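Asker: Work out the full structure: start from the sequences and follow the hints.
Listed below, chain by chain, are the residues.
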Amino acid sequence: MKSGLYYKTKKVTLNLIIHLLLLTVATTCILPLLWMISSSLKTQETIFKDMSIIPRVFHFENYYQAWIEGGFGRYFLNSIFYTVAVVIGIVFISSMAAYAFSRLRFPGRNVLFFIFMAAMMIPLQGSFVALYVLLNKLHLRNTALGYILCMINVGLSTSIFLLKTFFDKMPKELEDAARIDGCSKIGIWWHVALPLAKPVLAVVVILNALNVWNEFILALLIFDSRPLMPLQVALMTFQGEFVTRYPLLMAGLTIAALPIIILYLLMQKYIIKGVTQGAVVG
Amino acid sequence: MKIKSALENYIFVLPAVLIFSIFYIIPFFSVLQLGFYDWDGILPTKIFIGLSNFKEIFSDRIWWQSLWQSGYITLIALTFQNALAFLLAWACDREIRMKNFYRVIFFIPPVLSEVVVGLVWQWILNGNYGILNHWLTHFGFANLTRNWLSDPNTALTMVAIVHCWKGFGWGFLLFLAGLQTIPRELYEAAHVDGANAWQSFKSVTIPMMISVVVLVAILTILGTMQVFVLIYTMTGGGPGYHTEVPVLRILASMRGSSRFGYACAQGITFGVILCMISFVQLIVSRKAKN
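Each protein sequence line maps, in turn, to chains F and Z.
Every number in the working numbering is 13 more than the matching position in the first sequence, counting from 1.
Every number in the working numbering is 9 more than the matching position in the second sequence, counting from 1.
No wet-lab data here; the hints were simulated from the structure.
Fair warning: this is a prediction, and the values are worked out from it, not measured in the lab.
Using 30 Å as the maximum straight-line C-alpha spacing, the simulated DSS-like pairs for lysine-lysine come out as follows:
| # | chain 1 | residue 1 | chain 2 | residue 2 |
| --- | --- | --- | --- | --- |
| 1 | Z | K108 | F | K24 |
| 2 | F | K182 | Z | K11 |
| 3 | F | K23 | Z | K211 |
| 4 | F | K24 | Z | K211 |
| 5 | F | K282 | Z | K108 |
| 6 | F | K150 | Z | K55 |
| 7 | Z | K11 | F | K198 |
| 8 | F | K21 | Z | K108 |
| 9 | F | K211 | Z | K108 |
| 10 | F | K286 | Z | K211 |
| 11 | F | K198 | F | K182 |
| 12 | F | K211 | F | K286 |
| 13 | Z | K108 | F | K286 |
| 14 | Z | K11 | F | K185 |
| 15 | Z | K13 | F | K185 |
| 16 | Z | K13 | F | K198 |
| 17 | F | K21 | Z | K211 |
| 18 | Z | K13 | F | K182 |
To spell it out: a stretch of chain F is covered by chain Z in this simulated footprint if at least three of its residues, at any positions, have a beta carbon under 8 Å from a beta carbon of chain Z; those stretches are:
| # | segment |
| --- | --- |
| 19 | 31 to 40 |
| 20 | 52 to 63 |
| 21 | 156 to 169 |
| 22 | 258 to 271 |
| 23 | 281 to 289 |
Heads up, the beta-carbon is just placed ideally off N, CA and C, and yes, glycines get one too.
Answerer: Structure, rendered in structure tokens:
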């Protein structure tokens, strides 16, 4: 009588254990974030005493204060600006290069592509020291342009790789048809290749947007002046100065984390695709 | 005509090559060069000192301590984090409810910035007002409470655990993707042959997953050795030098003591060490495949 019921019970038990494990880990993923949001809604007095996850009173004015007094509104807009500028730059520059590496012929093509790919493999440490020196020389340090150009460079190799892989698999017929119709190379890239590459472009956009939004070290080294700082650096500075103003710091952290979480939840399909593809490269 | 067409093609790669040359190639070679100089980063005069920087690194005890400490974090990530990731991926690789929910949740920590993760966890682990100590007291483990991040005995391990918390979602995703490529027929065949769960895991899952495991291991090692933003935000390298890691040391040489040459020499040393690690791994993974 070891059939039917026995196996069913065994399966149910196994499933129960598995769900228990998965739920525990999922809770550990979420709890710190809930605690962050919860702390951001308490006051300077209650935050050290009220240890409940759901505070008795919701002090939403913390967000107003963080946004205005803490200056997080400004930093938030800075971060948005850098993210958008860098992503636009990367999309244009890397898709042009990837298209050329995939479709066009010119001397040195393979060598150039190899150098771009090698850059992804070589763990260059301390390059930020030299980058700092270089930007000083070019008078690009403490400027938005300097930061944007550096960040475009950071995203180039991976983006070129992802796009080239796509262009390599793309059927040539459409481009041939466009060429016969008298379309220029730039025209073909813009009117034929880019529209077809939309799914990969989405991956490129999202991966780079996450990367720029979360970037810390270059922003720390490049920006001295407060009004230019992106959120991540500003949070660190804020933490150093107002050690005791935890509710505002937590509100600032929530302001930094929420857009990324929302973007992720909306675009998780592309992110997961990009991660699994990107990993195979590195 | 041919030349004109080639020139036209160069226009496509020109912006990428230009930016890449200025912001990658030039810094790359200038790091290699600056490592042999004594320079404060400001004065126009750089003094060539040959291998002195590297000699100093050899006897720089804090440097080697920092390297050992990032090795310790890497070891924890390699074992604990990846084992957890594999276990969760294995648990999700079946017909269960809420599979997608778990997958979405597990990848939330990896998309957050290290600054956010570091500062939130610093608040959770706070010795006086942290929720962790509060709960420990609440559930009767008051003797376990401590100042997690300023106690030299726990600081490094706590940092490593938070690093794992942030990172396990990566491994999970890659392991799951790998597990899903294993054809179901193989499991069925093993089942028909009378293999139990453990035997089919050993003879089907592990051989099919070995290349993914190696990939995740390489990514974990290279990624974790270079960890520093998380530590910068959580402890700043303290207490004392107990959570220092190499990249933090490079940053400290540059910003703290204005020794740009020494910072570059540290960068070169660390880069060479990482290259050697990847080389060893490459050989090991080749052997594992054969």
